[in-house]
Amino acid sequence: MRNRLQALRARLEDDPEMVRDVDELIALHQANLAKEFDYLPHPGAARGCYGWDFGLRGLSSMYFGPVDVKKERDYLRHHDMTDFSAKNKVPAPQKARELADMLAALEVLSLLVNGMYTTMAVEVVDAARRFMLSLRKMQSMRGPGADTELVAWFDDSFEISRACLAREDLVAEVKTHFQFNHESYARVEQRVTYLKVEAALKPPSTRKNSLR
Numbered sequence: 001m002r003n004r005l006q007a008l009r010a011r012l013e014d015d016p017e018m019v020r021d022v023d024e025l026i027a028l029h030q031a032n033l034a035k036e037f038d039y040l041p042h043p044g045a046a047r048g049c050y051g052w053d054f055g056l057r058g059l060s061s062m063y064f065g066p067v068d069v070k071k072e073r074d075y076l077r078h079h080d081m082t083d084f085s086a087k088n089k090v091p092a093p094q095k096a097r098e099l100a101d102m103l104a105a106l107e108v109l110s111l112l113v114n115g116m117y118t119t120m121a122v123e124v125v126d127a128a129r130r131f132m133l134s135l136r137k138m139q140s141m142r143g144p145g146a147d148t149e150l151v152a153w154f155d156d157s158f159e160i161s162r163a164c165l166a167r168e169d170l171v172a173e174v175k176t177h178f179q180f181n182h183e184s185y186a187r188v189e190q191r192v193t194y195l196k197v198e199a200a201l202k203p204p205s206t207r208k209n210s211l212r
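Per the UniProt record's numbering, the very first residue in the sequence shown carries number 1; after that it's consecutive.
Just so you know, these hints were derived from the structure itself, not from any lab.
Hints are supplied without guarantee of correctness; some may be wrong.
[As the list claims (entries may be wrong)] The calculated DSBU-like cross-link candidates involving lysine-lysine, where the alpha carbons are at most 35 Å apart (straight line), are:
| hint | residue 1 | residue 2 |
| --- | --- | --- |
| 1 | Lys-87 | Lys-202 |
| 2 | Lys-137 | Lys-95 |
| 3 | Lys-196 | Lys-95 |
| 4 | Lys-89 | Lys-70 |
| 5 | Lys-87 | Lys-70 |
| 6 | Lys-95 | Lys-71 |
| 7 | Lys-87 | Lys-137 |
| 8 | Lys-202 | Lys-95 |
| 9 | Lys-196 | Lys-137 |
| 10 | Lys-70 | Lys-137 |
| 11 | Lys-202 | Lys-89 |
| 12 | Lys-71 | Lys-87 |
| 13 | Lys-202 | Lys-137 |
| 14 | Lys-70 | Lys-95 |
| 15 | Lys-71 | Lys-89 |
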């Protein structure tokens with residue numbers, strides 16, 4: 001189904017209106033696929049996943065976190081889940097409250113990518129997921145703002161891979177981002193350390209207010 005839709009889209013590239021219609025069908029196909037993984041995609045997130053619109057394009061890996069029944073019902077009450085057009089803007093993603101939230105989102109994203117993309121994209125997401133499994137065992141990346149910084153780093157790394165999917169050598173380079181000795185991860189560590197120090201230096205009353 002997906003391959004046929006993508007082939008149809010390629011043949012209709014000179015007709016923007018038809019391309020938009022096919023994109024909506026592809027997003028709908030992804031939404032149906034996602035139901036198997038307890039993942040409820042907003043139509044805008046489904047479109048963004050097809051276009052690999054991570055980072056500055058607005059898509060976050062946290063859009064792919066699994067949801068329970070209560071969250072799903074709340075989501076359905078507040079959002080139009082049947083409108084796959086571009087005018088249905090995507091809401092803010094879930095917030096990661098702990099490393100397990102990020103890992104769960106990467107697990108779902110890995111399953112979705114495996115059903116939608118080439119082997120190269122699958123390898124990039126799998127590298128991120130494996131790195132997250134290693135990171136979960138460490139205490140250094142826990143603290144104020146750590147989850148936010150890590151999510152942003154994963155999303156930025158996925159954004160870089162968008163331009164590299166056509167070249168296998170560059171995809172291999174992106175996969176090296178998900179290593180403890182990579183300079184981009186070192187910058188995240190420095191930022192998290194700074195946030196920890198900043199939080200520790202706050203007066204007790206200010207610290208309590210910031211946690212409310």
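Against the structure, the hints:
1. At roughly 43 Å between alpha-carbon atoms, Lys-87 and Lys-202 are farther apart than 35 Å, so this suggested pair is violated.
2. This hinted pair checks out: Lys-137 and Lys-95 have alpha carbons roughly 21 Å apart, not beyond 35 Å.
3. With a CA separation close to 19 Å, the supplied pair Lys-196 and Lys-95 stays within the 35 Å bound.
4. Taking the CA atoms of Lys-89 and Lys-70, the gap is about 22 Å. The hint holds against a cut of 35 Å.
5. The straight-line distance between the Cα atoms of Lys-87 and Lys-70 is roughly 27 Å, inside the 35 Å bound, and the hint therefore holds.
6. For the hint linking Lys-95 to Lys-71, the alpha-carbon distance of about 13 Å falls within 35 Å, and the restraint holds.
7. Annotation: proposed proximity of Lys-87 to Lys-137 is violated, straight-line Cα distance about 42 Å (limit 35 Å).
8. In summary, the hint linking Lys-202 to Lys-95 is supported, as the alpha carbons are separated by about 24 Å, within the 35 Å threshold.
9. Between Lys-196 and Lys-137 the alpha-carbon distance is near 19 Å, which keeps this suggested pair within the 35 Å criterion.
10. For a cut-off of 35 Å, the pair hint linking Lys-70 to Lys-137 stands: about 30 Å separates their Cα positions.
11. Proximity of Lys-202 to Lys-89 is assessed by CA-CA distance (about 38 Å); at most 35 Å being required, the pair is judged violated.
12. Pair hint Lys-71 plus Lys-87 holds up; C-alpha atoms about 24 Å apart against a cutoff of 35 Å.
13. Taking the CA atoms of Lys-202 and Lys-137, the gap is near 28 Å; set against the 35 Å cutoff, the hint holds.
14. The straight-line distance between the Cα atoms of Lys-70 and Lys-95 is roughly 17 Å, inside the 35 Å bound, and the hint therefore holds.
15. For the suggested pair Lys-71 and Lys-89, the alpha carbons sit about 19 Å apart, so the restraint of at most 35 Å is met.
In the structure shown, a violation is registered for the earlier hints numbered 1, 7 and 11, in ascending order.
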